[in-house]
Every structure is written in C-alpha cells, then in structure tokens.
Amino acid sequence: MWLIRAFEESVSELVGTGEVVGLVHVSIGQEASAVGVCDVLEARDRVYSGHRAHGHVLARGADPAAVMAELMGKAAGLCGGKGGSMHLVDVAHGVLEATGVVGGTIPLALGTALALRETEPGAVAVVFFGDGAVQTGYFHESLNIAALWKLPVLLVCENNGYAEFTPRSAHTPVERVTRHAETYGVDARTVDGNDVVAIREAASALVAPLRSGGGPALLECLTYRMRGHYEGDPAKYREASEVAEWKAKDPVRRFASGAVATGELSAEDAAACEAAARRAVAAAVSAARSAPFPAASALTEDVGG
Amino acid sequence: MEKTNVQAVHDTLLEEFRRDERVMILGEDVGKRGGVFRVTEGFSEEFGTDRVLDTPLAESSIVGVAIGLALAGMRPIAEMQFADFSTPAFDQIVQEAARIRYRSNGQWGVPMVVRMPWGGGVRGGFYHSQSLEAFYAHVPGLKVVAPSTPRDITGMLRSAIRDEDPVIFLEHKATYRGVKGEVPEGDWTIPLGTAEVKREGTDITVFAYGLMLHHCLRAAEALAADGISAAVVDVRSLRPLDAATIVREARKTGKCLVVYEDNRLFGAGAEIAALIAEEAFDDLDAPVMRIGGPEAPAMPFNKPQEDAFMPSPELIGDKMRALAAY
Ligand SMILES: Cc1ncc(C[n+]2csc(CCOP(=O)(O)OP(=O)(O)O)c2C)c(N)n1
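Protein chains in written order, with the numbering used here: chain A, 207 to 511; chain B, 10 to 335.
Fair warning: there could be bad hints in the mix.
Claimed, not checked - Pairs of lysine-lysine, BS3-like flavour, derived with a Cα cap of 30 Å:
| id | chain 1 | residue 1 | chain 2 | residue 2 |
| --- | --- | --- | --- | --- |
| 1 | B | Lys261 | B | Lys312 |
| 2 | A | Lys442 | B | Lys12 |
| 3 | B | Lys207 | B | Lys189 |
| 4 | A | Lys453 | A | Lys442 |
| 5 | B | Lys328 | B | Lys312 |
| 6 | B | Lys328 | B | Lys261 |
| 7 | B | Lys41 | A | Lys453 |
| 8 | B | Lys41 | B | Lys207 |
| 9 | A | Lys442 | B | Lys207 |
| 10 | A | Lys455 | B | Lys41 |
| 11 | A | Lys455 | A | Lys442 |
| 12 | B | Lys261 | B | Lys41 |
| 13 | B | Lys189 | B | Lys41 |
| 14 | B | Lys41 | A | Lys442 |
| 15 | B | Lys189 | B | Lys312 |
Treat the hints as calculated values from the structure; they're not laboratory data. Fair warning: this is a prediction, and the values are worked out from it, not measured in the lab.
The shape of chain A in the complex, shown without the other chains (with noise of 0.2 Å):
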C-alpha cells in the first residue's frame, strides 16, 4: 500500500510537471482493495482491470520501473510504452489485460475463468472495475454466465460512489452491487474498501471455493478516490465535508495506525516500509526518466492480423 501511494504520489506530481502526461487515473484512497485482494492472489492466478489499473498491476508484483516508465510512454514500459496509464498488462505477473474501455475486461476474465478450470484446477480470474462499469451490459451479461456456468472468477467492484463526474444515485436505483449478485445466486460481500485487513479476509473466503470447484464471487469494495477523476479534475462536484470525511478513513495510514496499536508493526518499521517505498518509487522516476523512447518505426510491429 505504500508503494501504490507513493507510486500515485509521484505520478501525481509529474503529470504536475508535464513529465507524464495524457488522461492519468490514480487510485488514491482506494489502494486498499488492490493490495487485500492481491495478497490472496497466487502466482498461477490471473487479474484484469480497467483504467485505473496503477495500484493492481503494483500490487501483483510488477516493477514500479517498468510501470513509471509506461505512464512516460518510454520503451522500457510494461507495453514498451504503447499502452500508458490506461492500458498496463504484465503478463509475467499474470495480468493480462487493462483496459480504457469501461467494462470491457469484465467478460474476459470469464473466459480465462473457463480456460483455468481445465487447464490449471484451483487457479481463478480476477477482474476489477468501478461502480460505473456495473451499469454497462458487460456487467450483468457476465455476471449472468459466470453464475450459470460456475466460472472461478472474482469479480472485484471498487465502489468509490462516483463515475467520473456524478454520483452512483445519478446511475442507479440500487444501493449495493452486491443485489445484482443476489439475483444471480452468487456469493457476494460488501466490505468496507478502506480497511485492507477486512478486505484480505473477505477476499479470502471467496477465493477460496472458487479454487474447489465453485464460483463465481463478487466483492464490493465501499471506498472513495481522494484526488478527481483524472489528473487534473478539480473535482467541485463533491463536498469538501465528504472529502474530509472520507480522509480520515485513509486506509494507507489506517493499516499502519492499527497495526501498530496491534503491536504487529513497530513504529519504526512502519516508518521504514514508508521510506523504502519511496525510494523504490525515486528509483523508478530516475530509471524511467533516462530510458529512451520506443523507435517510431516499432508503430506498426506486433499487430497480428
């Protein structure tokens, strides 16, 4: 978690200073889910997401070098910088897919669901996406076959109460994803998004007979992004008091506080796991920065058909 907010922290200040650029997505205050749901996760499994996918592709172990120097557009970019923010995929560390389009990855982690069933028993699909995508078609088609076909696949709704500019009662009638879940049979928890502890143990326990045969699940995640929609939203559609609110709820520094109160953290190692990340992320700046561009002439390499 920390390594995602610092991460977004600086990917923040770049855009800032025009180092990164185009439509940049961060997760701050939602990074909770990414890494309580990830922990769960196996090497053998496989994750999709949409396009605010920084914090996902982190929390599966992918190099914050090659994730900086994505969102730079440089060659050492996870997609040799093809992609950007909107578009990660580290296939090395099972994620196979992120996309701009939203909803569109929903489906496709039925598909690979299908495939690892027979191919690699005790594997699951994991797909991410906001509250948003849960209005598209993708959402209840896929909802819909993966209950009727027993897929093991996860789906992870991050509800962070807005779709871009507007709030989910703008979008719809119905308060918890979770309901949709309902109707289809699936097993579903809303847990609260900003408390990564509680989000591991309901990850957990729905991952876990999706790898005996069951499936699918549905978590939803109750949390909120702390900074506008991209990069640059002043975000005035939303009250100062909720920002603040929710503020207090930071899950980075929630985690840290309890558990250190807990005793399971010190003080000091909390202090040093914040420090390591941020060197970690100054490395990958640095590392990003001196990489080179792609070659214009790879344009039109690796198009297949």
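Model the placement of chain B with the ligand on the given structure of chain A, informed by the hints.
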C-alpha cells in the same frame, strides 16, 4: 462572431434547444457537469433534466433510448464521450437506426444525431484517439459528417438536428480549441452531403476532412512559397459523399491527393480515390495518391509513435510536392 470549434458546438446546440422544444440530449455527464468538453454547460439549468439527461455508463442503451425517443417524435442527440466508446452502441446505430427508414417502407425515420468527439494527436492513447468514420460511412441509411471549422460545424449541426434521419456527427477533438473562425449571424444551414473548396489552386488538388484539413491547408500555404498552387477541398461529409464537387475539383488539376488519419486501408480515402479514378480518369495526370493512418490497430500512447501515426503538415507537404512534380 469569431469562435472556436467547441464553442460552435455549444452555441449551436444552445440555439437548437431554444428553437425546438423537441430537442434533447442524453449522455454520460452531459447534465450537471455539462459534458467532458463542456459543450452542454448550463443546459440542465436552462432546459431541465427532462431534456438534458445524465445517463449511466451504457452507450448501447444511450443510443437505443435515443432511437426510441426519435420514433416518438422527439429530436434526440446522443452524446458519446469519445467516438471510441461508440462501439458498444454500434449495434443500435447500425442494426436499428440505420435501417428503420428502409424497413418501414419510408413511413418513418430516426431523426437522431449521435455526436462523437474523434481523432488523435492529443496523447489520448488507444481509446481516446480513434477514427471510426469508415465503420459508419459504410452503412446506407446513416449520414456521416465531419465538419471542422466553426462555420461548418454551426451550419451542419443545425442541419443534422433538423434532419429526418440518423446523423453521425463527428467533431475532431484536436480542433476543438485549436481551430477558430468566423461564424455569420442568422439561422442559416449548410446541407449535409456537401464538400467545400477551402482553398483554390491550380497545380494539385488535396482532399481532406477533420484535423487533416487544417494540416493540408498549412502545407498548401507552405508550398505556395515555392510556387506550387494547391487546391484544398474539405470533404466534410462522408455519407452522402459530394461526388459532384469531388469529381469537378479533381478534373481541374488532374493531380489528386487524399489525406486522412484513419487507417489507410479500407478507409474513406479509398472511396474518394476510387470515385476519382472512375469518374475523372480522362483528366488525371497522375495516379491518385493517399496518405492515411498506418497499419496499427490503435493510436499508441508514446509521443514518437503517436507522431508517426498522425500525418504531419511536413509529410503532407512532401507528398504534395511529389505529386506536383509527377
Ligand atoms: C465504454 C466507456 N464509456 C465511457 C468511458 C469514459 N469514462 C472513463 S472512466 C468513466 C467512469 C468510470 O467509473 P467507474 O467504473 O466507477 O470507475 P472509477 O473511475 O470510479 O474508478 C467513464 C464514463 C469509458 N472509458 N468507456
């Protein structure tokens, strides 16, 4: 009055909303937020949420609902935040909207406009840069226009909203703030299906639309200094295609270049080149040339490759010189 392209979209929508109570808009964040490009800013306050509908993230249903509204006598405008996200709605546009006039034996049509910001050059990457005009222009029953000056946007958006059939209205996002121009006062329109000569010339004729039109105009300007006179025709309507103007202008110089940023193969430029080859063959003094997007499935995010994807005024200028020298 001088204004930018994006201002022209805003102002025209506003006038049409005031002129005709049946005009409505629906799309993601078009209401309170006024759209991602702010073209409907203030609309929900002035016209109410019955005519300015914030929708969930569901493009196929946005268009489907718009079709139903149109069939019930309204004048809906469906906004796709980016043309790239119109693909979920492709089914409703192509299978339903485009075919209803034909299927109903001409009894009813779908007076709907689907607005889409399109095109690259803004570091938007894979899903915020695409050119989809060829997909839609392939379908009889649709009208597809891509005006790119404030005057043309004003005149053609008025026509699109007042049209009895579905219109795909493409707005090149890199020209939104980058292109400014005069818009005459008054309630005039520009018929859909018309091209326009934007620059007269005697040596070669260049056909383009969208951002590429402006690149071609710049390139033509630079060439003039070298004594090469290039005519530039703004195709601006792909369906219907203004065959008469295109052929007439092609015949004048006999040397034609078509420029577009969409993938070159099977794109609008192929259609225009084929039209010229078929209809103006006797007057041609050179093979019809094309510059189009590369064989890449989407716009890469990084700068060198995005730059290489987008035809530049310099590249266009070189090709124009080669054509003039042919
Ligand atoms: C199919 C599609 N339509 C529209 C968009 C534009 N868009 C980008 S993010 C977004 C909202 C997504 O909300 P949510 O799924 O809740 O994710 P969050 O941004 O809150 O993480 C929209 C409408 C898109 N990327 N894809």
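Against the structure, the hints come out as follows:
1. Lys261(B) with Lys312(B): violated, 39 Å
2. Lys442(A) with Lys12(B): holds, 27 Å
3. Lys207(B) with Lys189(B): holds, 15 Å
4. Lys453(A) with Lys442(A): Judged against 30 Å, a Cα distance of about 16 Å means the pair holds.
5. Lys328(B) with Lys312(B): Holds - the C-alpha atoms of Lys312(B) and Lys328(B) are around 23 Å apart, at most 30 Å.
6. Lys328(B) with Lys261(B): holds, 19 Å
7. Lys41(B) with Lys453(A): holds, 25 Å
8. Lys41(B) with Lys207(B): violated, 38 Å
9. Lys442(A) with Lys207(B): Cα-Cα ~42 Å, so violated.
10. Lys455(A) with Lys41(B): Holds, at about 28 Å.
11. Lys455(A) with Lys442(A): holds, 21 Å
12. Lys261(B) with Lys41(B): With Cα atoms ~51 Å apart, Lys261(B) and Lys41(B) exceed 30 Å; violated.
13. Lys189(B) with Lys41(B): holds, 27 Å
14. Lys41(B) with Lys442(A): holds, 11 Å
15. Lys189(B) with Lys312(B): holds, 26 Å
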